[in-house]
Structure formats: structure tokens, C-alpha cells
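Visitor: Since each chain comes alone in its own frame, lean on the hints to assemble the complex.
Each chain, written out:
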Amino acid sequence: MMDSRSALLEMRDVSVTVRGAGGEVPVLREVALEVRRGELVGVVGETGAGKSFTARAVLGLLPHGARRISGSVVFDGTELDTPRAYANLRGTRMGFVPQNPRLSLDPVFTVGSQLVAVIRRGRRMSRTHARKRGVALLTGLGVHEPERVMRSYAHQLSGGLCQRVCIAIALANDPELVIADEPTTGLDVTVQRQILDLLRSQLVRDGRGGLLITHDLGVIATWCDRVAVMYAGRVVAIGPVADVLREGHPYAHGLKGIAVALEQGVEPVAIPGTVPTPGDQIEGCAFAPRCAVATDLCRADDPAPRPYGDQLVRCHHPVADAELPAVGHPTRSEEVEV
Amino acid sequence: MVGYTARRVAWVVPILLGVATLTFFVSRAMPGDPAKIFAGSQATDTAIAAIRAQFGFDKPLGVQYLDYLAGLARGDLGTSVRTGHGVLDDLMGRFPATIELILAALTVALVIGVPLGVAAGASARRGAERFARGVSTLGVSIPEFWLGLLLIVVFYSSLDIAPAPVGRLDIGVLAPDGVTGLITVDALLAGDLEVLGNAAGHLLLPALALGLPAAAPIIRLSAEATASLLRSDHLFYTRAIGTPPHVVYLKHVLRNIAPIVTTMTALIFGFLVGGAVVVEEVFAWPGVGLYAIDSLHYNDYAAVQGFVLLAAAVYILLFLAVDLVNTYLDPRKRLT
Numbered sequence: 027m028m029d030s031r032s033a034l035l036e037m038r039d040v041s042v043t044v045r046g047a048g049g050e051v052p053v054l055r056e057v058a059l060e061v062r063r064g065e066l067v068g069v070v071g072e073t074g075a076g077k078s079f080t081a082r083a084v085l086g087l088l089p090h091g092a093r094r095i096s097g098s099v100v101f102d103g104t105e106l107d108t109p110r111a112y113a114n115l116r117g118t119r120m121g122f123v124p125q126n127p128r129l130s131l132d133p134v135f136t137v138g139s140q141l142v143a144v145i146r147r148g149r150r151m152s153r154t155h156a157r158k159r160g161v162a163l164l165t166g167l168g169v170h171e172p173e174r175v176m177r178s179y180a181h182q183l184s185g186g187l188c189q190r191v192c193i194a195i196a197l198a199n200d201p202e203l204v205i206a207d208e209p210t211t212g213l214d215v216t217v218q219r220q221i222l223d224l225l226r227s228q229l230v231r232d233g234r235g236g237l238l239i240t241h242d243l244g245v246i247a248t249w250c251d252r253v254a255v256m257y258a259g260r261v262v263a264i265g266p267v268a269d270v271l272r273e274g275h276p277y278a279h280g281l282k283g284i285a286v287a288l289e290q291g292v293e294p295v296a297i298p299g300t301v302p303t304p305g306d307q308i309e310g311c312a313f314a315p316r317c318a319v320a321t322d323l324c325r326a327d328d329p330a331p332r333p334y335g336d337q338l339v340r341c342h343h344p345v346a347d348a349e350l351p352a353v354g355h356p357t358r359s360e361e362v363e364v
Numbered sequence: 479m480v481g482y483t484a485r486r487v488a489w490v491v492p493i494l495l496g497v498a499t500l501t502f503f504v505s506r507a508m509p510g511d512p513a514k515i516f517a518g519s520q521a522t523d524t525a526i527a528a529i530r531a532q533f534g535f536d537k538p539l540g541v542q543y544l545d546y547l548a549g550l551a552r553g554d555l556g557t558s559v560r561t562g563h564g565v566l567d568d569l570m571g572r573f574p575a576t577i578e579l580i581l582a583a584l585t586v587a588l589v590i591g592v593p594l595g596v597a598a599g600a601s602a603r604r605g606a607e608r609f610a611r612g613v614s615t616l617g618v619s620i621p622e623f624w625l626g627l628l629l630i631v632v633f634y635s636s637l638d639i640a641p642a643p644v645g646r647l648d649i650g651v652l653a654p655d656g657v658t659g660l661i662t663v664d665a666l667l668a669g670d671l672e673v674l675g676n677a678a679g680h681l682l683l684p685a686l687a688l689g690l691p692a693a694a695p696i697i698r699l700s701a702e703a704t705a706s707l708l709r710s711d712h713l714f715y716t717r718a719i720g721t722p723p724h725v726v727y728l729k730h731v732l733r734n735i736a737p738i739v740t741t742m743t744a745l746i747f748g749f750l751v752g753g754a755v756v757v758e759e760v761f762a763w764p765g766v767g768l769y770a771i772d773s774l775h776y777n778d779y780a781a782v783q784g785f786v787l788l789a790a791a792v793y794i795l796l797f798l799a800v801d802l803v804n805t806y807l808d809p810r811k812r813l814t
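So the sequence lines, in the order shown, correspond to chains V and Y. The first sequence runs 27 to 364 under this note's numbering. The second sequence runs 479 to 814 under this note's numbering.
Just so you know, the hints here were simulated from the structure itself, not pulled from any lab data. Positions of the beta carbon are idealized from the N, C-alpha and C atoms, including for glycine. A couple of the hints might just be wrong.
[Unchecked claim] Restricting the straight-line Cα-Cα distance to at most 30 Å, the calculated cross-link-like pairs of lysine-lysine (DSSO-like) are:
| no. | chain 1 | residue 1 | chain 2 | residue 2 |
| --- | --- | --- | --- | --- |
| 1 | Y | K514 | Y | K537 |
| 2 | V | K158 | Y | K811 |
| 3 | V | K158 | Y | K729 |
| 4 | Y | K729 | Y | K811 |
[Unchecked claim] Which chain V residues stay away from chain Y? Per the calculated CB distances, all over 10 Å, these:
| no. | residue |
| --- | --- |
| 5 | E72 |
| 6 | G117 |
| 7 | T118 |
| 8 | G121 |
| 9 | L131 |
| 10 | D132 |
| 11 | A143 |
| 12 | R147 |
| 13 | S152 |
| 14 | T165 |
| 15 | H181 |
| 16 | R272 |
| 17 | P298 |
| 18 | P329 |
The following block holds chain Y by itself, in its conformation from the complex (with noise of 0.2 Å):
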């Protein structure tokens, strides 16, 4: 168990390294002078070499990609164009506006995907398969920031019972000190209501925007696992020997389906970054997804390049979770 865990772990830095190279060129190939957007359409030529000059993007393409390997290898992600901090520092003072969104959209997507999901499978009747499929359907087929504006349209514009969709807090509310970030946790642990529902409020619409889609596949594949292990031997024997059906259910269908649920999760988690970036630019959410978009549009490449990499290893260490989680999940994956 030891020897693979530290197997998939040395794995890691392979991974990063050939995400950070990936994104080293790709965004070198896009159109467009980093130095140029910042300096401005009056600036003059000479300003704008002094720019280049600052950023190393003077030297030739194959040093200034040494320079940044060796950046990331004593953890300096480079310095943001744009914002002109550390992009770390940036994507580190951001993550946890994002992290909030995701775990809140996650959350959303779960509450509403495994019950919709085990009642659809455990249904006898071919409509319940097919509100599961449809259901699924519908929800890939939405685009979270289509839906975020619905939201915004109803919730707030219409029948004004939401917030304005702009950041994490009312303006003049001030967020806790906390140490996790997420204001919703700071508030709750130092124990302020107030702040605890107005960042709850700014947060409901956004966590729905990116959650509600994300429920689609979770019902969709709930629903599968459960309707196969209704077909299995040990649900037969388990409703058998007298186990009533609410237990059936609740501890023996979901503990089953969990390893199944766990490595769903992982995986829309991922799908859950890229909505991110979407729905933070539509509610003003000041997270590392929108951190991104701002720094594309001025092609500031240690920025966009730092976003790609954190979103990599947030991926990577998950699914290294996952896994672990799982073998103590089903014990047949257990090695002794």
C-alpha cells in the first residue's frame, strides 16, 4: 500500500512538468504581445522593449522556458504582467474564492444527484430511467453561464430576493479572519451569522450556476450503479434475511455506490474548474477563474500558465485521494 501510494506520488512531478511545458508553448503560440497590451496603445517603442526586457521575453523562446523550469523548481511561478505580484501569490490570495465555489457547486450537484439518482435507479418503472436520462441530457446540454444568467434574471433582477451578483460579500461587509478562506467557514467558526448568510446569499446563485449542471452525470451514473446492484446477488440476500428498505437504501445501496460516487466526484471536479472560469466571470467572483480570463485577455503568460498548472495538480492530488479513499471504501480493494 506504502509502495504504491509512493509510486503514484513520484508520478506527480512528471505530470506537472509535462502540463507546464504544454502551457509554456501553447501560450507562447497565441496571437497577440503581452508587452504591448500593458504598456499601453500610446506607449513608445522604447517602453515597450524596457517591458520585454523586465519580463525576459527579449531572450530566446528556449531560455526564457529554462528560466521558467527553474522558476517552478524553487516554486516561483514567475511575475503576473498584468498585476505585477507573484503570480503564486495571486492564484494563492484567489484559490480559496474558487475552492468555496467549487465545494458549495459540489455540494449542490451531490445533494441533488444521489438521491435523484438511487430513486431513479431503484424505480421499477421505465419512466424513472428515462427522467434520468433526460434529466442527464438536459444537463450537459446547459451552459453554466446561460444558466448563471437565468439565475441572475430571476433571483435578482426579477424577484430581487438574491444579492447583486458581484463578489463574495455585500460592499461594506467586511469578510473574518479566518484560516481556511472560505468566508462561509471563517464565519461560521468565529461564530458571525451575519456574515455567515450574506456570503451564503452571494454564494447560493453561483454554487447553482455550476452545481446544477453537474448533477446531470451524477444522477445519470447513480442511477446505473444502483438499478446493477439491485440486480446483484448480496441486495437479494440483503433484503432476504429481513433488512427493512429504508436501510436497504441508506446504509447498503449508498455504501455500495460510494467508491462509484467518490470516483465520479473527481471527475466532475474537474469539469467543475472549467465551469469555474465561466461562471466567476458571470457573477464577479473573484477567484482564480477569473484571475485566468483577466490574465488572457492581456496573454500574460506566467499567469495563465500558473492557472493551468494549479488546476493540473489540484486534479492530480484528487484523484490520488480518490483512490486511496476508495480502497478503504470497498474492502475488496484492500491489499494485505
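Isolated chain V, as found in the complex (with noise of 0.2 Å):
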């Protein structure tokens, strides 16, 4: 039964808008993305690409205003249609790790008992059982004195040992998904290793599948197995992350070369133009008008999900490698000095 290939989460479709001042403003169109099992896929994109809803949908918590008008979220098999069949699944099957976990714990409770009333969620144990067992988590999670940062504050810890008591407390219950939002955005470098190489290892490990939101390529390029690009509100590519990041969608290439750039320590050729935003007018491709070999076609046809290679595009023009500027490829970030 247990295929290690086939999709623990599916998004099909998946569009989203926001209430906004002049009606509903799309943030996600037709997202669709999979998670298979043993798997982490990142999901990529600017400030306003919809990276942060489409965690949020797949959640089942989407922000006041925002609706989900159409496409469907299948979780192992099962479609997930009502708040119920959401809520069944967090903190149990679904773990959760947030951006910023200083100021997502509780601030006035302590850490540990956030901990024992989500391991006590899972399974029915003693107060003490469950004590135990956040610490053991912890222990495994690489946390010195366990017992110390269980008594304590949010506040009174660093970012990232906030970080793996929100690790332990998305493993508790063994999930067999987990969602991290831009998990180690304000941890420095050397944590921000530590902190990804771990959540990799616990995820890969016992066959669980995790999807990675992130706005920093060379996360991709070092701890993901799949990537997804994410433009105005659409995956414009997905597929392997170092196809999607040689050859097809010109926006992935785009990012790739100023993410070399910046981590060569050079200038980078910034993509011309801006991002729309929510709510502008989009004919065609919403890349198009920034994009260097767009064309008629492109301004007047949103381009539909096509395969190129091992990915799927959204894009009239997949490029191929040889066709494209070298730019080099994103080094492991242990390579890299900052």
C-alpha cells in the first residue's frame, strides 16, 4: 500500500481571492502542485507570488477574506472540502513549521507545554508521559538542556531554538506532510543550515514528504528535491529542481541568475520591470511583459500547463539550455562565503 512514489498532497487547480476594496482580488490561480512521499518541494516566488496562501490553503487557514473559489486539495487520497477534514489533520498528519517561530510560539506559555498539548493532541497520555517525550524529541532535534528550554519562554530562547522546538512540535505526531513557511528567513547562515539540514533529514528519512516555501533560491537548489515557481498567483514551472532551474520557464532562469549572482558576490542582472500585483489586469502571460523573448502569442494567450522535459511549464517559449545565457548554477550554500 505504501508506494513511496505516489502523492501524499495534491493541489489541483487551486484559486484563491482576497476581499479587496474594489471586489475579489485573485491571489492563487490555479495552483497546482504535488507532494509525493519521501519528497521535499519547494515552492518558490517574490514577495506577492502567492508562496505564503498556498501554504496557507493547503492548511485550511486561509486569512479573513480570503476563499478558495475553486480547484481541490487531496491529502492522501482523501479530498479535504470541509474545515473538519482539515482540522482532523493538523498537528497530527499535517506538521506545521512557521516563519518567524519567536513570535509564533505562545508568548505566555511555555514552550514545553505548547509542546505536551500537541503531543497529548496525537495520542492519549499522562501530562508526565508526554513531558518525557518532548524531551526525547528534543534531544533528538540536536536541543541541549531539554529540560531547561521545556520551562521556558519563547521570548527567553534564541530564533533558532525556537526553531526546533517548532520542529518537534510539527514531528510529535509523525506526520506524514510537513509545511514549512520560509522556516529559517531572520536565522543566521550557520542556523539556518543546521536548521534546514535537519528538517531534510527528519523528512526523508521515515518517508515523509514536506513542502518547502521559500524566497531564496539557493534553499532550493540545496535542500530540494522538486521545485515549484511561483508567478502572480500560478506555478509557471515544476519539475526537478535542476531542470527547472537550467531550462524552460525564462522567469526560472531569471531567478536562477541573479541567485548565482548574489551569491558570487556580484552585481545581478535584475529581471526588468516589476511583479503585478494582486488585482492589475493580466492579459496573456503575466510574465510577458518582463520577459526577454516573449511574443505576440504570449501578450494575448495566458499559456496553459505544458510538458518540457521533466517539468511542467506555463509558457509559449521554453527555452533550452543551449539557447540561454550561461549563468552558472546556484552553488550548495556550504560553498558560499556571506
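Guide: Written out as C-alpha cells, the structure is:
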């Protein structure tokens, strides 16, 4: 039954709108992606591309005023169509690692009590028992003095330590899927590497799936198996990380150029133009105004997803590796001196 | 922490001194001569002069002031012209009735205000926010005496389900001996359910008259606190890790807005002390508020000053207590 390659999570053409001043504004447009067991899928894009809405749509916790107008989220073969269906998964089969862990843990409860509460939701056990398990979890995640950490409040701990606590909370009930929303933003580079190594090893080891939301292509290149590139609320390219970064969608290629330049410490060549803001009228391909290879077709017709090698790209003119100016590949971040 | 508390406590004395000074001179500025009022319209000048001399009103104002301060230092609030008793004894005898009324009103305000406020703040609907706003405007604009009279008219005069709005117990029912002086609590401790029911019946309407208007600001503030809390990172995270909604609200939301509610409670306590004066008058409730009003009619300087001083002292101690409680409620404020 446990086909390691079967889809654990599927988002099928999910569209989400937000109530704005001028009516319903689309923030996710037919987002389709899947996470299989044993793989870490990255979601990358600029601010406003819809990354966080994607995470929230999977969790079933869209903010006030936002709603899913079409599409479906399927978890392990079951469609999540009611709030209850999501509620039964969160904290048990679906773990969550937040951006900004120090602000995410409740400031008025000790981190231990929050960890214990999650453990006891997963299975009935005494508080003492759950506490022991919490200490064991933290120890397993490389936390020194776990008892002291359990007794602390979030504001008394470092960001990295808080994130380990959040990972312990995410993993407490052996979830099959972990969603991490910018889990290392605001942490320094060394801690970032430790946290992502930890997350990846925990996920892949037990055949879990992971969805890693980030704006950092270097993180994707180093830790993810597949990547979904988002632009203006759409997934414009999805596929194995190396493929997506090598060829296909011109936007992904442009992003890679910037990432490589940043890592090499040279001035990046910016993609001309700006990201459309949600609510802008979009004719044709949303990226066309900034795209070097766009044609009249691109400006008139929004491309449907099409296979390109092992990828799916939303592009009329996907570019092959040979046609692209060389920008090199992002280096693994261990080699990066920042 | 200890040093901080000590500094706060050290401030109590100068503040009370200021309050005493202010009330001393303000009450002297009121028109009317307490000796004349006390002696009655038929009294001779000699009799009035004798009363003046008895209470020291014949001395220069500065001397009276110093005498008053000297008395305060000894814990002597002076003697009431009207009752002839020491003001401190008068106040202490009536204080439990007022405390009972205020605590009951506070309970009414919190029990109604916090759940409604949290519900309004949690509701995504715009109507809920308008409701909170509307109710709080309404509450602020309803005078307690009017609400008290309305309650009396409806529940005593018309429906006849409430006891006569006079005092804390029916005539003939004896208050239990008790340590607290709060009849409901003393009756409960003594296990005397009959007296408990009687006292609770008498307490209900004045507590509503005083507490319902006070619920309004609580609704408003807890709605705002809840709404901003629900936008916070940690409430999103709490839900994202699978905390069921009832736990989110009963544990996380209530615990997070607790410091705000506590501070609000202290502010409202001051509002209630003022309101109690009026409500005690309407319900003939034998507390310090009624005593203050009666004393005011007599220009009974010492009694009025004593009441203001007591109210100020209660207020200061309350804020001190709130600070300490909030330090406990919000771990981020703890100085380690």
C-alpha cells in the first residue's frame, strides 16, 4: 500500500481570492502541485507571488476575507472539502513549521507546555509521559538542556532554538506531511543550514513529504528535490530542481541568474520590470511584459501548463539550456561565503 | 522586582497626601456651614458657636489643615458632624456593603463583557464589530441611576419578582456573623441558604444597574484585543499546529487578553466607585457611597474627605495589585 512515489498531497487547480477594495482579487490562480512521499518540494517566488497563500490553502487556514473559489486539495487520496477534514489533519498527519518561530510560539505559555499539548492531542497519555516524550524529541533534534528549554518561554530562547522547538512540535505526532513557511528567514546562515539539514533529514528518513516555502533559490537548490516556481499567483514551472533551474521557463532562469550572482557576490542582472500586484488586469502570460523572449502570442494568450522534459511549464516559448546565456549553477550554500 | 514594588509602595503616601490636601480645601470651598446645618434652623448663635468650637471650625484654616494631617498620621480621619462617630469607624462599618456591591457589579460586567467581546472580536462579520461599538456607546450613555430606576420599575413595581429596593436584606432577616462583612459570602460560609437567597435577591438589581453599563467598555476593549490577537503570528501558529477551536479561545485567547482585562478591571473599578454612590442612593444600599452623599448634604467635611481618601487608597492599591498580577500573567514582563 505504501507506494513511496504516490502523491501524498495534491493541489488541483486551486484558486483563491481575497476581498479587496475593488471586489474579489485573485491571489492564487489554478495552483497545481503535488508532494510525494519521501520528497521535499520547494515553492519559490517573489513577495506577492502567492507562496504563503499556498501554504495556508494546504493548511485550510486562509486569512479573513480570503476564500478558495475553485479547485481541490487532496491529502493521501482524500479530498479536503470541509473545515473539519483539515482540522483532523493539522497537528497530527500534517505538521507545520512557521516563519518567525519566536513570534509564533504563544508568549504566555512555556514552549514545553505547547509541545506537550500537541503530543497529547496525537495520543492519549499523561502529562508526565508526554513531557518525557517532548524532552526525547528535543534531544533527538540536537537541543541541549531540553528540560530547561521546556520550562522556558519563547522570548527567553534564541530564534534557532525556537525553530527546533517548532520542528519538534511539527514532528511530534509523526506527520506524513510537513509544511514549512520560510522556516529560516531571520536566522543566521549557520543556523539556517542546521535547521534545513535537520528538517530534510527528518522528512526524507521516514518517507514523509515536505513542502518548503521560501524566496531563496539557494535553499531550494540545496535542500529540495523538486521545485514549483510561482509568479503572480500561478505555478509557472514545476519539476526536478536541476531541470527547472537549467532550462524551461524564462522566469525561473532569470531567478537563477540573480541567485547565482548574489552567491558570487557580483551585482545581479535584475529581471526588467516589476511583479504584477494582485488585482492588476493581466492579459496573456503574466510574465510577458518582463520576458526577453515574449511574442504577441504571449501577450494575448495565457499559456496552459505543458510538459517540458520532466517539468510542467506555463510558457509558450520554453527555452532550452543551449539557448540561454550561461549564468552558472547556484552553488550549494556550504560553499558560499557570506 | 522587590525594589520595583517597594518604589511603587513608597509613592502611595505622597499621593494620598495630595488627595487629602485637595479634598480638604475643596470641601472648605463648598458653600454652607456644617455647624449651622447640624444645629438646625432654630439654633441660637451661641449653640452654633459651641458646635464650631467642638469640631475646631473656629480655628484658622491653616491650623485646621495641620490638625487634620496630624490626625491622619495617627489613623484618625476626624469626627463626623452628622453622625457624631469617628469617620473611620463609619466608613469601615459601611465599606463591606459597597465592596459587595462593586464586586457583584464587576462580576456582572466581566461575565457579560468578556464573552461577548471575544465573540464579537472573533467574528469575521462586520456586523459583530458594529454591535460591540453600538453596545459600548449605549452602555456609556446610560446613567446608572436611570437604569436602577428602570430595573426597580420593571422587576419590583410591575413584575414584583425582586425584593423592595431598600437595603441589603428584608426587614427581620438578620445578617450572619461573618468575617468578610459581605452578607452573601458570610451566609454561604455559614451555610445559611435562606439568608444567602435573600441577600442575593437584594444584591441583584443594584449589581445589574452598576454592572451593565460597565460591561460596555469591557465588550469594546476585549473585542479589539481579540481581533488584533487573531491577526497575530502566534494565534495563527496555534491553529496551524492543530489546536481545536475551543482550546484556541478558552485557553489561548483568554489567557492572552487576561492582562488587558485585568488592567481594564482596575480602570472600571474606579468608574464603579463613582457609580456606586449613585446606585446606593437609588437602592438605599447602606454603603460608603450613600454615606458620602448624606455627608455631602450636611457639608460634613471630615466624612466627605474620608470617603474620597478611602476611594483613592482603594484605587491605588488596586493598580498596584494589577501591576503585580500582570507581571505574573505576562511572562515577558517578568524581570529575572
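Visitor: Confirm or reject each hint.
Guide: Now for the hints, and whether the structure bears them out:
For the suggested pair K514(Y) and K537(Y), the alpha carbons sit about 16 Å apart, so the restraint of at most 30 Å is met. The hinted pair formed by K158(V) and K811(Y) meets the criterion: a straight-line CA distance of about 29 Å does not exceed 30 Å. Taking the CA atoms of K158(V) and K729(Y), the gap is about 23 Å. The hint holds against a cut of 30 Å. Distance restraint check for K729(Y) and K811(Y): the Cα-Cα separation of roughly 20 Å lies within the 30 Å cut-off, and the hinted pair is therefore satisfied.
Every CB of chain Y lies more than 10 Å from the CB of E72(V), the least distance being 21 Å, so the non-interface label holds. Its closest Cβ contact with chain Y, about 2 Å, brings G117(V) to no more than 10 Å, contrary to its assignment away from the interface. With a closest Cβ-Cβ approach of about 6 Å to chain Y, T118(V) is found to fall inside the 10 Å limit, against its non-interface label. Against chain Y, the non-interface label of G121(V) is violated: not every CB pair exceeds 10 Å, the least being about 8 Å.
Against chain Y, the non-interface label of L131(V) is violated: not every CB pair exceeds 10 Å, the least being about 6 Å. At roughly 5 Å from the closest C-beta of chain Y, the C-beta of D132(V) falls inside 10 Å, breaking its exclusion from the interface. The Cβ of A143(V) sits about 7 Å from the closest Cβ of chain Y, inside the 10 Å cut-off, so the non-interface label is violated. Listed as outside the interface, R147(V) is inconsistent with that label: its C-beta sits roughly 6 Å from the nearest C-beta of chain Y, within the 10 Å cut-off.
The Cβ of S152(V) sits about 18 Å from the closest Cβ of chain Y, beyond the 10 Å cut-off, so the non-interface label holds. At roughly 20 Å from the closest C-beta of chain Y, the C-beta of T165(V) stays outside 10 Å, upholding its exclusion from the interface. With a closest Cβ-Cβ approach of about 5 Å to chain Y, H181(V) is found to fall inside the 10 Å limit, against its non-interface label. The claim that R272(V) is not at the interface with chain Y holds, since no C-beta of that chain comes within 10 Å of its own (minimum 34 Å).
At roughly 35 Å, the least C-beta separation between P298(V) and chain Y is larger than 10 Å, which holds for a residue marked as non-interface. A cut-off of 10 Å between C-beta atoms confirms that P329(V) is not in contact with chain Y; the least separation is 34 Å.
In the structure shown, a violation is registered for the earlier hints numbered 6, 7, 8, 9, 10, 11, 12 and 15, in ascending order.
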